[in-house]
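*Asks:* Here is how the chains run, residue by residue.
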Amino acid sequence: MRGVSLNVDEGAITCITGPNGAGKTTLFKTIMGLHIPYHGSIIFYDEDITVKPPRYRVMKGIAMSPDYRGIYANLTVKDNILLPLMTLGVPRSVREERLAEILKVFPELFTLLDRNGTQTSGGQQKMIAIARALILKPKLLLLDEPFEGLALPVQRRLQNILMEIRDKMRCTLLVAEPTISPFKGLCDHVFKIDRGVVYRG
Amino acid sequence: MVIEVKTLFTIIVNALVYTAILSLIAVGLNLILGVLRILNLAHGIVMALGAYLALSLTTLALERVGSIGSSLLQGALIIIVVLLLSGLLGGLLFAVITGYLMVRKLIHYEAIYVLLITYGIALVMEDVIKFIWGPKGYVIYGIYPLFGTVEIAGITYPGYYFILLATAFIVIASTYIFIDYTSIGKIVKAVASDRETAVMLGMRADMAYFIAFAVGCMLTGIGGAFTAPLLTLQPGFSLEFLLLAFIVVIITGLGEIRGIPIVAFIISLLRAITVTYVPELEMAIPFLLMMLVLAFRPQGLFGGR
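Protein chains in written order, with this note's numbering: chain A, 3 to 203; chain B, 357 to 661.
Next up, chain B with everything else stripped away, as it sits in the complex (with noise of 0.2 Å):
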């Protein structure tokens, strides 16, 4: 089989894209899951509050910028702005929300209790998302002619997707950076590994929880965010992402922040070739992939170390 060039590079345009996307839930999936101990089923709601947040302010800041006459490098920073903070106020939202049941209750209950508590909170949270916004389906138009396009071995793509790619890196690599070099982030890692000596030396684990579960909520929210103009924005929408975003952090490793966008890029070059090529098992290659790694290597590519 010979694969053309064009069809090359589609696939690794497509799977940077679906990397970028991945890699912003999982660590957010994972850095909760790292220092809480708490999976969180409704982690797909704060991508989709992230998205129907951008939904709302981008339609609105698109209606400003055609009528104050703004060139297009203005437009687009704005939709830039309006995107991260359309996706911080989501995963803030949220978290301000359940932060509460999440920091004082669930991180002393069993597993099972918090599978099944998180997941009400999904269903009764993506209720509340169709009560505001309705169940139809959106498309926001107007944003990709912002940010242009870009052309490789004779295939245009829009602009758009590079910045998406370029946001993800940099609000992931922020994320190391806090977690490795400042106080807080060394903190919270204190508290993840040792609560009860964290505590004797006067650190505040309440606040180091929430800190943690707040960042990883607006990773997640702003994933959603920058993740809304490429698609249709339906109630459910969020799923197929919170299942490979799980995928991913299987594969490396509960709890593992780094690595994780090395594994989101295999299993998105993965589905990038399989939708090429057969569709049909779209989802069947990741699942395997993680079946394989948890009978093999439980602990993840990365974790474990």
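In isolation and in its complexed conformation, chain A is listed as follows (with noise of 0.2 Å):
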């Protein structure tokens, strides 16, 4: 990555896209704090979390979900969504609560939960994944190519969760995709990424 500068609005769905090899998943995971950056800052309200660990980061409230998906084959579906609650120590009943409040974003995952964790379609895997990034309540949600993939039915589904998240969840969503097409009236802001570099598009 090189001179990346940018600003993400509160409340708003901003768009990376940009070709396979780009930089897009650096990028998503410089923020995420699994790699350090040799230069430069990341701010996240107005606190300096360049170096701070994944964790930290987390509980600040960003969240991501990769773009390959990162389903635990030995888990349920249910462990998967809650796994990051059990790591920070929330108590049964709130994950519950959570998990209640999150299967009224993704319905379809209700008959699932008791399933292991891949014995799902990509496109559910997909949902599992942002359900998994979303349990958390995150500030600041990062999705790494959420569209690949997926048939166009589920896409125009995902399309309508990624709207009632920021509309009714109040998060802002940072989302990168190879092209701009599966984003069409989504976005509120696009960013152009080549080679390590940001552009605004």
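Keep in mind that the hints were calculated from the coordinates and are not lab data.
If you're wondering where the values come from, they're calculated on a predicted model, not measured in any experiment.
A couple of the hints might just be wrong.
[As the list claims (entries may be wrong)] PhoX-like mimics (lysine-lysine), calculated; alpha carbons at most 25 Å apart, straight line:
(1) A:K141 x A:K194
(2) A:K170 x A:K80
(3) A:K31 x B:K461
(4) A:K194 x A:K31
(5) A:K54 x B:K461
(6) A:K186 x A:K141
Grab the two chains, each in its own frame, and use the hints to assemble them into the complex.
*Replies:* Below, the structure is given as structure tokens:
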């Protein structure tokens, strides 16, 4: 990444587009704390979190759904979704409340809860990954290629979900996709990224 | 060849006792292998630490039991608690001493370096044990009488054997429940299968690795402590158990903790039959079985599901 300068407005859906290898995932992992940048800084709500570990960022309200979904095959769908709350030591009763809230956004996951994490379709796994990030009630949600490989009806369903997340949960979304097409009418801001350089779209 | 009923029962009881010991060691070994991807050649030392601590602490406890005039039941309960504590302490001690090296360093190293370093740890700690307890052999007297005897098919067995079986069953079942049904267990499973996603979700990977390592060591420590009253404790006594535990791990499947008691029973039964009829082949038969499994099902009988 070179000279990346990016301001994300609160409560907006900001899209980052660029071809494979452009640096979208690297940018997201850097925001999440999985990579530490050599130069520059990451400011989140006026706090410099550049060298803070991922756990700190999660606790501050940043969550990410990776492009590879990262669904655990050895856990049920329910445990996959609840895992971040278990990690933070959230009591069981609160976890169940949050799950009920999330299932209102993703009612299609209700019947899958007891299934093994990977006994689900690609589209369902995308939704599980987003639900898992969303259950943290993040201020900033990073979605890396959420539309990749999804059939058109599932893409439309996901678009509606993203708007619902923005409007009802007051969550800021930063979404990366190779092309702008799945976002038409969805994003408030667009950035392009190419070979590690970010341009305003 | 006609097998006498008495011989048959002796073989089965001996196999069950050996199954209990091997299962405790192999579940610990495979838990560490599955989560940290570390094949710990120093694992025999964990067993030895549990056993030698059991030697010292049960000797102290037995003196107290005699002096306060406790009943047999009280004495037996005290000894069970002391053995459990010795095993937990031995395992935890090893985990604390080597934890940083394992969790922060070896986890990133190639397997050959891991083998060399853990073998080095084994040699160093073997000498430390010799320094503390000396090179002579020890036998713990006074434990068997507390547990009485059990008669099966006309043969009398020490009641302690069945305490060992019950303890191994409870400890291993608790480990499975811990891994499958508790939040910490699920976090450990998540870190083991995909570290990056786990960290992304806020998990402390190092902590999860250490918990798995410590639990694995404590299981083996308990195995060592409960084995101590069965044999003469001397430096290097754990090597035979470690070798057989490796065979159990390989036949079960690397990193797969389910199925270990079954495989441990198969190996223990084969060993008990061999010891009874052809003692010269005691180790050859389990190794032969291991080689056959590696040749025809390298992922193990329970691995790769």
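*Asks:* Which constraints among the numbered hints does this structure fail? Numbers only, ascending.
*Replies:* Failing hints: none at all.
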